[in-house]
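Visitor: Given chain A, put chain B in place with the hints provided.
Quick mapping for you: the protein sequence lines, in order, are chains A and B.
Residue numbers for the first sequence follow the working numbering, so the first one is 982 and each next one is one higher.
Residue numbers for the second sequence follow the working numbering, so the first one is 4 and each next one is one higher.
These are computed hints drawn from the structure, not numbers from a lab.
A portion of the hints provided could be inaccurate.
[Stated by the list, open to error] Taking lysine to any residue pairs in the SDA-like style, the calculated list, with each CA pair at most 20 Å apart, reads:
#1 B:Lys42 with A:Lys1044
#2 B:Lys48 with A:Tyr1008
#3 A:Lys1044 with B:Ser96
[To be verified] Partial pick of chain B residues on the chain A-facing surface, computed with a CB cut under 7 Å:
#4 Arg49
#5 Phe65
#6 Leu98
Every value quoted in this text rests on a predicted model; they were computed, and no experiment measured them.
We put the beta carbon where it would ideally sit given N, CA and C, even for glycine.
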Amino acid sequence: QVQLQQSGAELAKPGSSVKISCKASGYTFTSYYISWIKQTTGQGLEYIGYINTGSGGTNYNEKFKGKATLTVDKSSSTAFMQLSSLTPDDSAVYYCARRGGFDYWGQGVMVTVSS
Amino acid sequence: DIQMTQSPSFLSATVGDRVTINCKASQNINKYLNWYQQKLGEAPKRLIYNTNSLQTGIPSRFSGSGSGTDYTLTISSLQPEDVATYFCLQHNSGLTFGSGTKLEIK
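So here's chain A without its partners, still in its complex pose:
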């Protein structure tokens, strides 16, 4: 069955970076792009961007350019998102989702930015 397994919760200091992962299984990884979504209580759900899992090409929501960097490792069927120059506003749950219907989502990663 299709699964997107994300890495564990992160506690980070302001100004630092975190890199979270999304490991796919149960389907051909390169057949679907992976999208990333941010969820907060205040702002709701926001689209960060997506990565072409075959070519590594990316597309970002303007708001997240410079904040998020999407990469992929085809050999392990894993997509990654690095968040840089973290501020408390980056505290959120981050989801990966299979693009092409947005049918399957990872379980989410809670990122907490605090000194």
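Guide: Frame of chain A, contents of chain B only:
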């Protein structure tokens, strides 16, 4: 960018009630509208895709309708396990989400 306006934000209903949740897009989204259910602490689960196609395994009491800019999720007979937050997602142009509807049982 396409904006999605979802209503109501909060809904309290009785078991067995017919429940409707609405999403209005700022422009025509050509039926590229999905509905999700999210229970506390869980990942979103897709219920309906492309306006009215029921996801495999989802009970038939869930249905979707709409066109153009106006879309509706209907639960025909509310069950206790339907307590959750529901949101819409348009994927016609970019990706934007509704603000969510928190559904509780009276």
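Visitor: Quick check on the hint: Arg49 of chain B CB to chain A CB, less than 7 Å?
Guide: holds (5 Å)
Visitor: Taken at face value, is the distance from the CA of Lys1044 of chain A to the CA of Lys42 of chain B at most 20 Å?
Guide: Outside the cut-off at roughly 27 Å; violated.
Visitor: Was the hint right that Leu98 of chain B lines chain A, CB cutoff 7 Å?
Guide: holds (4 Å)
Visitor: Is it true that the CA of Lys48 of chain B sits at most 20 Å from the CA of Tyr1008 of chain A?
Guide: holds (18 Å)
Visitor: Would you settle whether the hint for Phe65 of chain B is holds or violated, based on the nearest Cβ-Cβ distance to chain A being less than 7 Å?
Guide: At about 15 Å, which exceeds the 7 Å cut-off, the nearest Cβ of chain A leaves the hint on Phe65 of chain B violated.
Visitor: Starting from Lys1044 of chain A, check that the Cα of Ser96 of chain B is at most 20 Å away, please.
Guide: Status holds; Cα separation ~16 Å.
Hint check: violations occur at hints 1 and 5; the rest are consistent with the structure.
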